[in-house]
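Dock chain one against chain two, each of which comes alone in its own frame, and use the hints as you go.
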Amino acid sequence: MPTHRAGPSNDPGIPGAGTERKPLPPTPHGQAREWRVSAYLLRRLLNYLILTFVGASVAYLLAALALNPKSNYEGKHPTPPPGVITQMLDERNLNPDTDVFVRYGHWLDGLAHGDFGTEVQGGSVGQDLARRVGVSARLLLFATVIGSVGGIALGAWNAVRQYRASDQLSALGSFLLISTPVFALAILLKALAIWFNNASGTSFFQFDNEYDATITAFWPQLLSRAQHLVLPTVSLVLGEIAILSRYQRSTMLDVLGSDFLRTARAKGLTRRKAIYKHGLRTAIIPVMTFLVYNTVLLFTGATFTETIFDWNGMGQWAVTSIQGNDTNAVAAVSLFVAGLVLIAGLVSEIAYAALDPRVRA
Amino acid sequence: MSALDAAKELGEGALAPSSATGRGRGRLLMRRFARNRLALFGLVVIVLLFLAAYLGPYLTHWQLTDIDFDNFQTRPSPTHWFGTTQTGQDMFVLTMRGAQKSLVIGLIGGPLTTAIAALVGSVAGYLGGWVDRVLVWFIDVMLVMPSFLLLAILSPTFKGKTWLLFVVLLAAFAWMVSARIVRSLTMTLKNREFVLAARYMGVPAPKIILRHILPNMASLLIIDATIGVAVTILGESGLSYFGFGIQPPDVSLGTLISAGQQDVNTYPWLFLFPAGILVAIILAVNFVGDGLRDALDPNSSGAKARAKRRADAPADELPGETVVEIAQ
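Going line by line, the protein sequences match chains A and B. Its first residue numbered 1, the first sequence is counted upward by one per residue in this note's numbering. Its first residue numbered 1, the second sequence is counted upward by one per residue in this note's numbering.
Chain B with its partners taken away, still in its complex shape (with noise of 0.2 Å):
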C-alpha cells in the first residue's frame, strides 16, 4: 500500500535519466540503493524468502501430502519445525508452499500489472485523439468496477483451472491507476525533439513507443511493477482468505491463515507462521520499492520538484485522484 506515496511521487524525477547513459548510470543506481539500509536489508530478506520457500521443503522429510498420525495439531518442535495442523499435515511445508505462491504470483502480477499500464496509458498518450478518449474512458469504466467483487463473483469460472489464470485477473483490474500516469508522461514526452526527431524520419508510432517513449520512462516503470508486487500479494492472500483465490487442495498463506484463525489462542502456530512470513515478505517488497524510488528518482523526495509539478498539473489528474487505488 505504499503505492500511495509511490502513485503521488512515480510522475516526478521519472523522465530525469535521459541525459544519463548505460553503465555508468547502472552503478550509481546501484551505489544509491545499497546506501539504504533498509532497502538493502528488504532485498536480502526476499531473497532468503525465496530461498527458504523453494529449497527449505527439502531439509524436513515431510512432503506436503504427508499425514503424521501422531502428531495432530502439536507444538512447534524438532520435528514439525512450524508445528503441525488439526489433520496432522507438516506446519513448515504448507507455509513454505504458501510462499511459494505467494512470492511467485506476486512476482508475475506486479510487471504484468505494469505492462498493461504501460501499454494502454502510452498508446492513449502517443496517439490522442478519439483512441485517448476511448482508453480513458474505458479507464474510467475500470476504476469505477468493484475490483474486488468481481474478483470473487469470476472466482467459480477459474476453480480447478490454472492459478495463471487468476494472476491475470488480479493484474486485469490493479492497472488503471499507474495507466493514467504513463498517459500523462507519454503527453509530455511525446513533444521533446528527440520523439518529434523520430517521428519525422518516418519512424512508425509502435517502434516510437518502444524505442523511445517507454525507456524514457522506466524508473517509473520499475518503481511501478515492484509495487505492483506488494499489491498483488495483499490482493491474492486476501481473496484466498474468503476462498476466492487459491483453491484447496493448492495453499496460499491467505488460505492458511483463513484455515488458522480459529483457535488462535490454542494453536497460535497456525496462524502466526503464515501470517509472520506474508508480512515479512509485503514489508520487504515494500523497502526495496522505497529503496528503488529514491534511488532512481533522485527528486522524488525534494519539496520543490513537487510543488512545481502540482502547480501545472492538468485538471484531470490531479494529484488526489491516484489515490483512488488505495481506497479500494
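Next up, chain A with everything else stripped away, as it sits in the complex (with noise of 0.2 Å):
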C-alpha cells in the first residue's frame, strides 16, 4: 500500500471532515473569522436566554394557575385550621389568592438571588434540583455512551452492508422498537427479569432506587449500583439505539456515494480504510445534533424508565411534582428542561459552526 499522509487537514475536499480539530482551526483570516463567530454566537445566545425566559415563565404561569397545593394541606390529618394553611401557602408563596403575576414577582425575585423557593412539604427545590440532577447524570452516562456508540456503530455498518440480511434484520427491529413505548419496554424488561430471577433462584437484576442503601462498604455498594444500573439502562440505550442507527445508516448512505470517497479510494486506501478514515467521520456530524439534544434533553426524558424503576431523578420528579401540586418544584423543572433546550442549542450550533462555515451567514 503505498503511503499517504492519513489526518483530515491534508484533505481539503473533505467537507467538514475537521470533526476531531479544535473549534475554530487558524485560518489566514483568522482573527476577523473569530470576530464574526462571536458575534453571531453572541446573538444566537441572546436569543436563546430570552426563549429560556420566556418559555420557562409561560410555564410558571400556568402551574400557577392550574396546580392546586392548598389541596395538600386540606388532604392531612388532621386538617389545619384554615388560618394556618393560608399562612403556610403565604409563607411558600403558593397563596391561590395572591395575584398569579405578584406571585410571579415573587418566584423571580427569588430566581435572582439564586432561590427556587420551597416546596409544599417544606423542603428547599434547589436542594432537591442539585440532588436530582445527580441522579439523572449517574443514570444517563452509561445510557449515552453506550446509546450513541452503539447506534452509530449499528447504522454505519448497517449502510456497508446494505439490503443484507443483518441490515433488514435490524431494520425490522429499529421499527418494532420505535414503535414500542419506552414505558410498555421498561415494565417489560421489568417482567423479564423479575422471571430470571425467579427461574435462577439469584438477584442478579436489582430495581427500584440507585442502590441498596443498607450496604455501606465500597466495593459491594458499587457492585449494588452495577446491578440497579443494567435494566434502566437498557431501557434507554434500545430506544436510542433504534432511532440513532436509523439516522446514520442514511447519512452514512449519502456519504458511502460521495465523490470524495471514490477519490479516498483512487489515492489508494482500501475500502475500508476508506470508510472508516473519511465516510464515518463526515456521516457523523450531520448526527450530532440529535445527539445533542438526545443526550441533554435525557435528563427529563428518562421520566418513564426513571418512574418505573424508582430512580428519583429529574424525569420522576416531572412528574411527581404536578401530581404532588408542588408549583415551585414544577416551576424549578421547567426553568431546568427549558435550560437544557438552550444548552443543548448552543452546544449544537457552536460545533456547528466550528465544522461548517455555511452556518455562519
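If you are wondering where the hints come from, they were derived from the structure by calculation, not from laboratory data. Careful: at least some of the hints might be erroneous.
Below, in silico cross-link-like pairs of lysine-lysine (DSS-like), each with a Cα-Cα straight-line distance of 30 Å or less [claimed, not checked]:
| id | chain 1 | residue 1 | chain 2 | residue 2 |
| --- | --- | --- | --- | --- |
| 1 | B | Lys159 | A | Lys76 |
| 2 | B | Lys161 | A | Lys76 |
| 3 | B | Lys207 | B | Lys190 |
| 4 | A | Lys277 | A | Lys267 |
| 5 | B | Lys161 | A | Lys70 |
| 6 | A | Lys70 | B | Lys159 |
From the derived model, a few chain A residues whose C-beta atoms are all more than 12 Å from chain B [claimed, not checked]:
| id | residue |
| --- | --- |
| 7 | Asp97 |
| 8 | Ala130 |
| 9 | Trp157 |
| 10 | Phe204 |
| 11 | Phe218 |
| 12 | Leu223 |
| 13 | Gly268 |
| 14 | Thr270 |
| 15 | Arg271 |
From the structure, some residues in chain A lie toward chain B, with a derived Cβ separation under 10 Å [said to hold, decoys possible]:
| id | residue |
| --- | --- |
| 16 | Leu62 |
| 17 | Asn68 |
| 18 | Thr303 |
| 19 | Val330 |
| 20 | Val333 |
Even for Gly, the Cβ is constructed at its ideal location relative to N, Cα and C.
Here's what the structure looks like:
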C-alpha cells in the first residue's frame, strides 16, 4: 500500500472533515473570522436566553394557575385550621388568592438571588434539584455513551452492508423498538428480570432506587449500583440505538456514494480504510445535533424509566411534582428543561459553527 | 418516532409532483405503495384493528360496565378472551375500548397537527416580513416549552370535559417542527412562476396559499399527518399512563397498561394485551408512513438529492434542527 498521510488536514476536499480538530482552526483571516463567529454566537445566545426566560415564565404561570397546592394541606389528618393553611401557603408563595403576577414576581425575585423557592412539604427546591440532577446524571452517563456508540456503529455497519440480511433484520428490529413506548418496554424488561431472578434463584437484576442503602462498604455498594443500573440503562439504550442507527445509516449511505470517498479509494486506500477514515467521520456530523439534543434532554426525557425503576431523578420529579401540586418544584423542572434546550442548542451551534462555515450566514 | 427520518427527508421530494397530474399520478402512487409489502401489511393491520376495536365488543356479550363475580383476575379463556381484571371486568372489551380511543385520537390528532403546521408555516413563509418574524419566534418559544410537562399541568383543567379538548392540546404542542419545514418549502415555492403569475393576476394571498402553495406540498403534508398519528398516539398513551390523559371511567391503552403493570409476572394478560395492541397500532402506522414516503418521494432515499439540498440549506434550518422533536 502506498504511503499516505492520513488525517483531515491533508484532505481539504472533505467537507467537515475536521471533526476532531479544536474549534476554529487558524486561517489566513483567523482573527476576523473568530470575531464574526463570536458575534454570531453571541446573537444566538441572546436569542436563546430570551426564549428560555419566556418559556420558563409561561410554565410558571400555567403551573401557578392550574395546580392546587392547597389540597396538600387540606388532605392532612388532622386538617390544620384554615388560618394556618393560608399562612403556610403565603410563606411558600403558593397562595392561590394572591394575584398570580405577584407570586410570579416573588418567584423571579427569588431566582435572581439563586433561590428556587420552597416545596409544599417545606424542603428547599434548590437542594432537591441539585440532588436529582446528580441522580439523573449517573443514570444517563452510561446510557448515553452506550447508546451513541452503539447506534452509530450499528447504523454505519448496516449502511456498508445495505440490503443484506443483517441490514433488513436491524431495520425490522429498529421499527419494532421505535414503535414500542418506553414505558411498555421498561415494564416488559422488569417482568423479564423478575422472571429470570425467580428462575435462577438469584437476585442478579436489582430495581427500585439507585442502590441498596443498607450496603455501605465501597466495593459491594459499587456492585449494587451496577446491578441497579443494568435495567434502566437497557431500557434507554435500546430506543436510542434504534433511532440513531436509522439516522446514521441514511447519512452514511449519502456519504458512501460521494465523490470524495471515490477520491480516497483512487489514491490507494482500501475500502475499509476509506470508509472508516473519511466516510464515518463525515457521516457523523449531521447526526451530532441529534446526539447533543438527545443526550441533554434525556435528563427529563427519562421520565418513564426513572418512574418505573424508581430512580429519584429529574424525570421522576417532573411527574411527582405535578401529581403533588408542588408549584415551585414544577417551575424549577420547567426552568431546568428550558435551560437544557438552551444548552443543547448552544452546544450544537458551536459545534456546527466550528465545523461548517456555511452556518455563519 | 420515525418522525426522525421523515422530518429529515420530508423536505426533499415534496416539491416534485407539480408536473404529474390527476388520476395517472394517483394510480402510480397506489402501485408504488402496494409494491412495499410492509406498508401494505401495515395498512391491512390498521384496518383490521379498527374493525376489531369497533366491532369486536359485539362478538362477546360482556359490556364495559359488566362485572363477572365468578371471575376475578382469571387467565384468558373461551368466556373471557383476554382474561379479566381484578374487579372482574372483561379485558377484551376494555382493550378494544382503549384501542378505539387511541385510534380515534391518533387519526384526529395527526392531521390536526399537520393542519396547524401547514397554516402557520405557509402564512409565515408566504407573507414574510414581520409576520414571518413573529411566527418564527412563536415557533421557537413553543419549542423551548416543556410540552409533556405543560400538558400534564393542564390535565386537571380538562378533567370531566370531552377528550376532544385533549386531542387539541396534544396537537397544539406538536406542530412546530413541521411548521418550520412547511415554511421553508413555502419560501422556495413562492418564487415559482405559477405563484408569481397568480399574484400578478391579483389573486389574494389566502387563495394563493390554499390553491397553489399547499397543494404543491401535498405529499409532505400527507406523510407528516401519518407520522403525526403515531406521535399523537404515543403522546396520548404516555400521558394517560401517568394519569394525565384520558381519565376514568374512560379507558385508554395507556391507563390499561398503567393498571396492568403491578403484577405482570402473575397476571401477564393485564399488561400484555393492551401493550401488544398499542405496539401493533404504532408499528402499523409507521409502516404505512414509511411506504407513503417511498411512494410519494421517490427521491427521498436517493443519496444525491439529499446531499445537494444540505449544501444550500439556509442557515436557520440545518438538518439537525429538525431533530428537536425526537428528543422530547
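Verification of the supplied hints:
no. : hint                : in the structure
1   : B/Lys159 / A/Lys76  : holds (23 Å)
2   : B/Lys161 / A/Lys76  : holds (28 Å)
3   : B/Lys207 / B/Lys190 : holds (13 Å)
4   : A/Lys277 / A/Lys267 : holds (13 Å)
5   : B/Lys161 / A/Lys70  : holds (23 Å)
6   : A/Lys70 / B/Lys159  : holds (18 Å)
7   : Asp97               : holds (18 Å)
8   : Ala130              : holds (19 Å)
9   : Trp157              : holds (18 Å)
10  : Phe204              : holds (16 Å)
11  : Phe218              : holds (33 Å)
12  : Leu223              : holds (25 Å)
13  : Gly268              : holds (24 Å)
14  : Thr270              : holds (22 Å)
15  : Arg271              : holds (17 Å)
16  : Leu62               : holds (5 Å)
17  : Asn68               : holds (7 Å)
18  : Thr303              : holds (7 Å)
19  : Val330              : holds (7 Å)
20  : Val333              : holds (6 Å)
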